[in-house]
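Assemble the complex: chain U is given as a structure, and chain P must be docked to it using the hints.
Here are the chains, one letter per residue:
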Amino acid sequence: MLVDPDARILEGTSSRRAKEVAIKLVTQIAAALSLLVTIAIIGTLFYRAIDFVATLANPSEADVENAGVPLSLDLLWSNGQWAPRFTRFDIKTLVVGSLIVTAIAMMVAGPLGLGAAIYLSEYASSRARRFLKPILEVLAGIPSIVIAFFALRFISPQIVQRLFDTASQNLLAAGLGVGLLTIPLVASISEDALRSVPNSLREASAGMGARKMRTTLSVVTPAAVSGLVAAGIVGVSRAIGETMVVFLVAGGGGNSAQFTANPLEKGSTMTAAMASQASGSDNIITEIAAGSLYFVGAVLFVTTFLLNILADRIVRRYREKY
Amino acid sequence: MAFVSPIVSDKTRERTRQRVQDQLESNSKDWANSIFKWMLFLTLVFSLLVLMILLATVITGSYPLFSERIGSFLSNGFTTKSATRGVFQGLRGTFWIGICVICFAFPVGIAAAIYLEEYATDNWFNRLININIRNLAGVPSVVYGLLGLAVFVELFDGVVGVPTKTLGRTTIAGGLTLAVLSLPVVIITASEAIRAVPTPLRQAAFGVGATKSQVIRSHILPHAAPGIFTGSLLSLARALGEAAPLIVVGAVSGRLGPTTGLFDPSQLGERFTAMPMVITAFVGQPGEQWRPLASAAIVILLLVVLGFNVAAVLLRNRFEAKREG
Chain U
1 MLVDPDARIL EGTSSRRAKE VAIKLVTQIA AALSLLVTIA IIGTLFYRAI
51 DFVATLANPS EADVENAGVP LSLDLLWSNG QWAPRFTRFD IKTLVVGSLI
101 VTAIAMMVAG PLGLGAAIYL SEYASSRARR FLKPILEVLA GIPSIVIAFF
151 ALRFISPQIV QRLFDTASQN LLAAGLGVGL LTIPLVASIS EDALRSVPNS
201 LREASAGMGA RKMRTTLSVV TPAAVSGLVA AGIVGVSRAI GETMVVFLVA
251 GGGGNSAQFT ANPLEKGSTM TAAMASQASG SDNIITEIAA GSLYFVGAVL
301 FVTTFLLNIL ADRIVRRYRE KY
Chain P
1 MAFVSPIVSD KTRERTRQRV QDQLESNSKD WANSIFKWML FLTLVFSLLV
51 LMILLATVIT GSYPLFSERI GSFLSNGFTT KSATRGVFQG LRGTFWIGIC
101 VICFAFPVGI AAAIYLEEYA TDNWFNRLIN INIRNLAGVP SVVYGLLGLA
151 VFVELFDGVV GVPTKTLGRT TIAGGLTLAV LSLPVVIITA SEAIRAVPTP
201 LRQAAFGVGA TKSQVIRSHI LPHAAPGIFT GSLLSLARAL GEAAPLIVVG
251 AVSGRLGPTT GLFDPSQLGE RFTAMPMVIT AFVGQPGEQW RPLASAAIVI
301 LLLVVLGFNV AAVLLRNRFE AKREG
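If you read the protein sequences in the order shown, they are chains U and P. All the letters of the first sequence, read from the start, carry residue numbers 1 to 322 under my numbering. All the letters of the second sequence, read from the start, carry residue numbers 1 to 325 under my numbering.
Just chain U, same shape as in the assembly (with noise of 0.2 Å):
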């Protein structure tokens, strides 16, 4: 309660005070915008994965008629082939594709990324960071249909044909494209989890006589570890979800693939599927075909969500403890 009348000028004019309320309201729904795109992202994947599924155990007649073969939700894990336009829905061909393609893109971006974020942390002077950041900085801005060239046209068959006997087409090079796109990733996530590493417990190995090399392993990056998970987290994460890469170097299009544990062969992933039947759409498909797109979309938003929240948890944790 102003008591004093000269303080009622501190307090304004109605209109200023209303105006202060509608910029306020203004950026409030900005950021209630964001929550909108959330909702609006689980509820047309669920709802239209969900009525797939449901569709698969529960067929009508017309369905049944439109696909042209039985219906029931064994599609979903038999007949090793993912070809929607022929209603097989084998969802593990996917699944083991992207799970391929993830462990050799980390295999490329782990040691390299991690290999990266420990020289410009530890060793590199404040001098060569500014010159050799930005080399990482440009490789990120590298969209990834470029990547996907690279891969195609230079890792295939410079690398991947003359080590092995293989197509053009396979699931290692674009397992090695996807893990070129991961590595300034890994490595930024990675550098920032050892640079908030305190300086006194560097100091306090080399006052015991630890070499660079010894604080390093021995002090540094264990300080540091569930930082450096959370990177690798993030990169596995970035790895399943990346889409064009796959699409167009492992092999998988012309929407059907094969079942295959086999790097070197042809394959698809969920994200190299989605693209691959949508990139088809202009054809006449089935209203099931259509739905499996959301049902595989809905399979890689719960996944890369699940690994999204553990890294944010585990990151959260480790800013917590310095």
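It is worth saying that the hints were derived from the structure and are not from the lab. None of the values given here were measured: they were computed from a predicted structure. Just so it is clear, CB atoms sit at the ideal spot from N, CA and C, and this is done for glycine as well. Possibly wrong hints are sitting among the right ones.
Have a look at the derived ranges for each label pair, beta carbon to beta carbon [to be verified]:
(1) P/F66 <-> U/G80: 40 to 48 Å
(2) U/L264 <-> P/G71: 23 to 31 Å
(3) U/F86 <-> P/E192: 45 to 53 Å
(4) P/P64 <-> U/A128: 35 to 43 Å
(5) P/V208 <-> U/A210: 49 to 57 Å
(6) P/K81 <-> U/V225: 53 to 61 Å
(7) U/G68 <-> P/A83: 41 to 49 Å
(8) P/Y119 <-> U/S200: 55 to 63 Å
Just chain P now, with coordinates in the frame of chain U:
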């Protein structure tokens, strides 16, 4: 005390002293340490090498085409022959998608960042928004494509453009999809820039009687502008390089309808393609004769995307120099 025997004998002590002294005075190289350091350095060199090979591959690959017909490559649209095909429709699509991102993602993202940093108190709703934004930034881009397909494409089916012809798969649907995709990144980078504004600056402005909105407009935004601008440009560059969401939303990789000019807004209601889609089409063609087109289109896309990246960094440096000067 008589019971205590010395822990180390004089002989051992002398030997240790000698070894420490040798270590300190020796010039011998610490090989394990050096090898470790160089191996770490090589991981960085590897990334650099990949970059160089990549750039060399596309630049040498595009050289024959650029030296022969750079003009027609930029101004021609879709044709079935590699000798006459150009990227004009891709450039036009990318231009309008960029406009959509600038018009929707930038204002909404920056406003959301202002709310989160300046207005939001620590309650469950604001915490939820924060967690949500971080998670959105990690959602695969192809999933945004599904969102665009389910929401924007169906929304614009019949509202903008001719429904039977476009099926809602219009430039604006693609542009809005990529705007939504860049939104979390814009919010996160803008939030960081606003958080970095020193508190005394706010207090000083409040102290002379400014209202909250005046403080934001006259002090916080100008101070945070370089950071906001850099982050926004980077997210724009990322959005323009995305192909996966556009495939799902239904960008065309082949023949397109009537040819409008580059700056004709009616393109927003038409079916569309974009540079990453054009490249996808070129890369996917089996014949050897399409390679130079793919390389040339990549060089153009890289010029745009890396150009934005460089511009962002340069502008940030310039702003910072100005503030200190």
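Hint check, failures only: Violated hints: 2, 8; rest satisfied.
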